[in-house]
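Student: Single-letter residue listing:
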Amino acid sequence: MIVEPVISLVNAVLFVLLAPLVGGLIAGIDRKVTARMQGRVGPPVLQPFYDVGKLFEKENMVVTVTQHFYVLSYLVFMVVAGALFFSGGDMLLVIFAFTLSHIFLVLGAYASYSPYSHIGAERELIQIIAYEPMIIFTAVGMYMVTQSFNVSAIVNSGIPIILYLPGVFIGYLIVLTIKLRKSPFDLSTSHHAHQEIVKGVTTDFSGSNLGKIEIAHWYEYVFLLGVVYLFFGFNPYIAIAAIIIAYFLEVLIDNTISRAKWQLTLRSAWLIAGTLGIVNLGVLYYLKGVIMP
Amino acid sequence: MNDLLFLIGFPVIIALLMLLVKDKIRNYIVIVSAIALGIASLYLLITYFNKNTVFFDIPFEPASKIMVIIEILLAVYILYLGIKFKKYFTVALILLQAGLLLFLEMGLISGIHPVNNLFIDQFSIIMAMIIGIIGSLICVYALGYMETYHNRHTGIKDRRKLFFFILFIFLSAMFGIVFSNNLLWVLFFWEITTICSFVLIGYSGTPEATNNAFLALSMNLLGGVAFIAALIYIAMMDPSGKLFGLDALISSGYALAIVPAVLICFAGITKAALMPFSSWLVGAMVAPTPVSALLHSSTMVKAGVYIIVRFAPVLALTTEGFIIAMVGAVTFLLASGIAISQSNAKKVLAYSTIANLGLIVACAGVGTYNLMWVAILLIIFHAIAKSLLFLCVGTVENRIGSKNIEDMGGLIVRMPKIAMMMFIGMAGMFLAPFGMVISKWAAIEAFITAPFGLVFIAILAFGGSFTVFYWSKWMGKIISVMRHQEVVEDTVKKEKWAVLYILTALVVGVCLAFPLISTYLIEPFIMNIYGITTGLSQANLAIMIMMLCLLLIMPFSMLFYRTGSKHVSPYMGGRPTEGEMRFSGTFGTMRELSLANYYMDKYFGEDKVFYIGTLLCWGLLLIAGIILAGVVL
Chain A
1 MIVEPVISLV NAVLFVLLAP LVGGLIAGID RKVTARMQGR VGPPVLQPFY
51 DVGKLFEKEN MVVTVTQHFY VLSYLVFMVV AGALFFSGGD MLLVIFAFTL
101 SHIFLVLGAY ASYSPYSHIG AERELIQIIA YEPMIIFTAV GMYMVTQSFN
151 VSAIVNSGIP IILYLPGVFI GYLIVLTIKL RKSPFDLSTS HHAHQEIVKG
201 VTTDFSGSNL GKIEIAHWYE YVFLLGVVYL FFGFNPYIAI AAIIIAYFLE
251 VLIDNTISRA KWQLTLRSAW LIAGTLGIVN LGVLYYLKGV IMP
Chain B
1 MNDLLFLIGF PVIIALLMLL VKDKIRNYIV IVSAIALGIA SLYLLITYFN
51 KNTVFFDIPF EPASKIMVII EILLAVYILY LGIKFKKYFT VALILLQAGL
101 LLFLEMGLIS GIHPVNNLFI DQFSIIMAMI IGIIGSLICV YALGYMETYH
151 NRHTGIKDRR KLFFFILFIF LSAMFGIVFS NNLLWVLFFW EITTICSFVL
201 IGYSGTPEAT NNAFLALSMN LLGGVAFIAA LIYIAMMDPS GKLFGLDALI
251 SSGYALAIVP AVLICFAGIT KAALMPFSSW LVGAMVAPTP VSALLHSSTM
301 VKAGVYIIVR FAPVLALTTE GFIIAMVGAV TFLLASGIAI SQSNAKKVLA
351 YSTIANLGLI VACAGVGTYN LMWVAILLII FHAIAKSLLF LCVGTVENRI
401 GSKNIEDMGG LIVRMPKIAM MMFIGMAGMF LAPFGMVISK WAAIEAFITA
451 PFGLVFIAIL AFGGSFTVFY WSKWMGKIIS VMRHQEVVED TVKKEKWAVL
501 YILTALVVGV CLAFPLISTY LIEPFIMNIY GITTGLSQAN LAIMIMMLCL
551 LLIMPFSMLF YRTGSKHVSP YMGGRPTEGE MRFSGTFGTM RELSLANYYM
601 DKYFGEDKVF YIGTLLCWGL LLIAGIILAG VVL
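Taken in order, these protein sequences are the chains called A and B.
Okay, so the first sequence: first residue is 1 according to this note's numbering, each after it adds one.
Okay, so the second sequence: first residue is 1 according to this note's numbering, each after it adds one.
Hints were generated in silico from the structure; no laboratory data involved.
What you were told as hints is all true, and nothing was included just to trick you.
If we take Cβ atoms under 7 Å as the criterion, some of the chain A residues that face chain B in the derived model are:
hint : residue
1    : V62
2    : V65
3    : H68
4    : F96
5    : L100
6    : V106
7    : Y110
8    : A111
9    : Y116
10   : L125
11   : E132
12   : V140
13   : I278
14   : L281
Each residue gets a CB set at the ideal place from its N, CA and C atoms; glycine is no exception.
In isolation and in its complexed conformation, chain B is listed as follows (with noise of 0.2 Å):
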């Protein structure tokens, strides 16, 4: 019970830390903190992994009261941020917000004692593990990050002090999210995961950042209000209180729970940023690099849909659990295809990231055993990729000055630790024998024996190709040997090296340490819900490790060819070249070569592709809403 709490109360400790002391010390204190938050996690998976479900009776009491009055204080900030920013619609979501709380707290549930309100299980491990170290390497990482964009950006004011505190407070909100089984402390730090990643976005506070953080922030409040509103459900339905825990609501069945469950992960929807509300993930890019990293990819979008994967039992082979199956695939498929057309590496981050979290949803949304199972594994493989794939476009950014990705050719030459990390990185992202290939893999043969399925197959095996054709442009960008250019990586320091070289490691070691994952934690946590398990056959197993080492191996063909070779310049259609990058053209003038990527815009614009997505997805959600209210009436 302490490793819980510590876990929950030692980043708040920090965090406050964080306001007081100046940039030598903060050094110190975030790489200790973040080595104790790690050897905690692991803790934690040590003396866990075998143990099932553990409840913890923490009293319900104290802690409540403070969450009401830090609720109370951060609804009032908003509103005063609104009226400032003249954000009427946002001012308008956090009165109904506050309102709703209000009125729950104060008149519906004055007299219930819930037990049982912390607990941990696998899947509950997992996620810890997720934000223990992923969570803690980025915030080392920003330590360097925050210094160069600080002077860089000589404009932008250096609040940097706010900005650990608030990185520290977020994690402790996350764990807060995965240990606690009470739905109104799970409601808490959900909230408070909202006003952090607002915070964090509008950190430059120029007017661009300002207004893409209000648009997070009035996104996740319809959420919130959503949450809300299931709790009031909850709280009408069952005064004693007994089901705002939430395996008690999980476990109580189609008739009470899915109402509930249907409203939270309506909120789930809009935190992991699934159309028709993934536009304020995409606008979330302004904020600084690690930010992306740590928010927006690997944890609190995954709160997103770790809530909807808690409710994927409910869901299972409803009708409801099919549209929010559904919203999740077309998202999966509409977010990949404009993933093609974007030349700006944070945004194909993004939109990558989006169309994830689609596939997830689409998994626990049909929910039958083997699709959770995909579903856990996805949010693994992706939350250590994407964050390795964002720190390395925040320190290539940090190196050249740019996000873009036409600037990126020939980083192997001028980078080649960075690019080489990339690779693996996005090889994680699409390529077998690597994580996601593994679990498109598992997705495809467990769709194919759940209902209606096919078109889930259908939709994955479209979205899948666009997922090859955009990383492998921007693969084939960065490796595309370019002679004559000066390594620039050589700055870079040394904790940002750490944590690359650390999590470089993570991607390539839990595709052959997955087997055990499955085993000792997935596994077990789907055999407690289902009472049935799954897992890829030991023969497929052997043969992807094989696969995996052979991929290891290549590389050091290199060895053998590195004599031996003649060296000729790329063929320019028999033109006489200089260098490599010039040729001569017409008139004798010599003209600069410069190569630039398909984005396939006439097919796959952002803006039109986003607006079917909105048509299609707020469709969805219409049909999900008056089936709801069906069932409520």
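Chain A on its own, in the form it takes in the complex (with noise of 0.2 Å):
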């Protein structure tokens, strides 16, 4: 009885402590690999932290105080987004949370009067729009298959979730390269050197500041590849593969496709979301009332 809140709550702070320490290693990965893909050496694979180190450093500048607070907010509600998930709970309040954060992000992105920042928040917040009822079915389709919308249900079922949802699992990869950043859905703000709206949401953070929204950005990494784990959760080797090569497809796409205007982006991921997503959960739920009433 008292073992299983142990567990949760163990799992939480591994989350906590570890998730930089591992989402910044994917970073320095994901830079070495694109590096390789276009052709140069690349930085080491310890960069990201190197980067983030040297940003809290810098002097402390704002345009606003308040941004300190939007940006703490983001932090932390990540963070808590991220235990929750691990700590195996639920899997809607997790979204919820998640969301939460993303719009304190955008609000400290509005908060600074800079038109470079504040297209980057209304572009986010189209991201977020675009990829949320993707995320909800992914949700969904897991009650439906596992009957329960506890992580922790979900991952102990044995099922191989992937088989009765391969539609929602291609709609979350897709989601997933709106949430990585990567191209050709980098609208809000990008990784790679040159935007038309400069850094787009981050144009006006700076220092300790930015420092956090990479360290969010970490967190985030770590989340969103463990809901890809859930798809596999019957198998550990297996979905460890699937994450890895989920993650190598991303940059692949990231580095072949060129970025496509806000509008393609709402309408694509709308339209898998639309398709796939729905059509998936339709045949399952079809399937339910037929085969086992």
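Using the supplied hints, reconstruct the complex from the two chains, each of which is provided in its own coordinate frame.
Tutor: In structure tokens, the structure reads:
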């Protein structure tokens, strides 16, 4: 009886402590692989850590002090969302905390009255509404397969969820492209050097605030890839392999496709969610009724 | 029993007083009676929360006679106005309605003696609390608002006596709706609210206001016709008049109850301004803001969904119920979409209201026990957060003279307290862990087990993301910090602040207290009807409350950051800037910087989306009508 909450708590604490390390490493490897694809040598794998470390040494410059509050809230609620996920909490609650966290980033960008961060904020919002339906369909799909919204129950169900939810999985990969800020969907801010709106949402953040945004992003990486794990939760080895392949695909897409306009982003994300997602769930719903009454 | 009669009767007395007294005394009376109504509704809560349904045997006769007389007088009044303003559609409707009513009252039910005419249960308590507390708070707010309103709009005739008279009559009628078990009485109070709404929308007397008032009136009269049709059907099926009792009708089973249920739900749809009738609520935004807050977001339109939620057990798992739910769901999706394209703050609030009412109807139409739980939860959360938002917008409008969201840039500097309250109100509408998200979450969990629930989940997922979009960009507008601007909120009156503070505290407080509300009011009510009940799991509740606390302490981090930061100008692409709002353009001229939000008119334009919604919802209603005709014949 007591064991389960303890495990949850340990998992949550482990996430809080280790996720930045794992996320930072992923970011480092990402940059290395990207560089190789572009025929460059690339930075050392630990470069993201050096970068963030340096950001925290910079002078504390803001447009308005409220930026501190928004960025801190962004980070905190990203950690809360991830911790809830890894402690085996309710998927829907995790999604809502995740959205809350992003709204804080958007508000932070709005708070400074710069045209670049303003457009970045608008685009970030468009991204949020582009991916949110699909993420909810992912949670709903997992419920339909496992009869639970709880991450712990989903992962312990032993069901090869991917076989039931292939459409949802593809939809989720599209969402992942948006969430990882990969081209063609890196509208609001980009990892690449040049963008027409400079650095979009992050334009007016500097120093430790920018560092916190990076760290929040690392937490986000781990959480998002954790959702990929759920699809393959019946076998950890396959799951890890799936995560690596999925991530490699994202990097490949990033380097081979040019940035889309927001209209295309919104339409394609909704089209995918509306077709693959809903059709997949609909078929599942129908089959549940017919085969397993 | 006396407490119920007090809540219905006391506002009428105050209303009559309002016709007599002048400004200063009016202020005192309104504040005192608001406190009285608030206390009385709390008393109601304490007295009745642990009793289930309690019926009161108020004699039917003298009251009903008076009601008929008032109804006839009102019909004559509307007839006169309709002819005066050449609104012949309204005239036709009122004639039809009066004719049907006379047929019903004189021909069909002359001999009946219904008992148990008033009742109270947990759902009525919840509604009474909303009317008694939020309603009377809005009346207090209206005192200051109307004074400023007339100072600003000198061209509009000062008819404040009438205004407050109608407000209190309206409160009385709302209490009447939620306490009446006799459907004839519900209809009477229902029609009173329609007419109150009509008078208040047309308050300013401009041609636009008059037109919109008649639009609202016609649509609500159409609903009234359906309501009377339902009563005539009941009277024909059961001459003894027993089925006029709401409880008897609901428990009489599908075969007897479905026809009146659908007709009354149609009336509810018109009152709640779902598509295709949403245009009246949007038009009603010409009314002074307290009216929008009271009638058109927190109470009167709630009467529409109230009656549909009441009939949810009859609708549950029927085709008719599914169609009504679809009307609600389509309205939720499309109204949320239209809200994206609106820059008028009151219109955004109106569309958001329509959308949320749609969601409530979607829940009630499917009508399973856990969806009814969600519907009631939505009613509570929406009433509080939306009335706060309306009142904030009203205050801003009084100060800066604009309802346009684009003019609200930097509100956090100009009116910091109001901006914070708006922020909390908006958070209450779409952010975790506030009320509306709790409801959305519960709705997803409930729809997933309902037949065809997937359709609703898909609509909820897309509509929910629209919601996030239009609130966030508005939020972004008010919190964007532009320095060198004046603080303009110090002239706001004391009692207005009091009302706004209380409502803000309620938005947060209800989220903290909602486990109690659920346990002591909603769950017993659901248990009574379905014999099974629901609620969020303890673990999730704990997490939600922890998140809320975290969210509440986060702003204190600002204390920590107050000093030690170097301020710089926003990034302007390297152009030289002067102050913050101006930058050096080409040819060395200084240009003003202005930023505007995205409205995506091409995707969510009002006309286009409304057209689609009207087509879809009329189609759905038509199908319901055909099915109904099949049942009747």
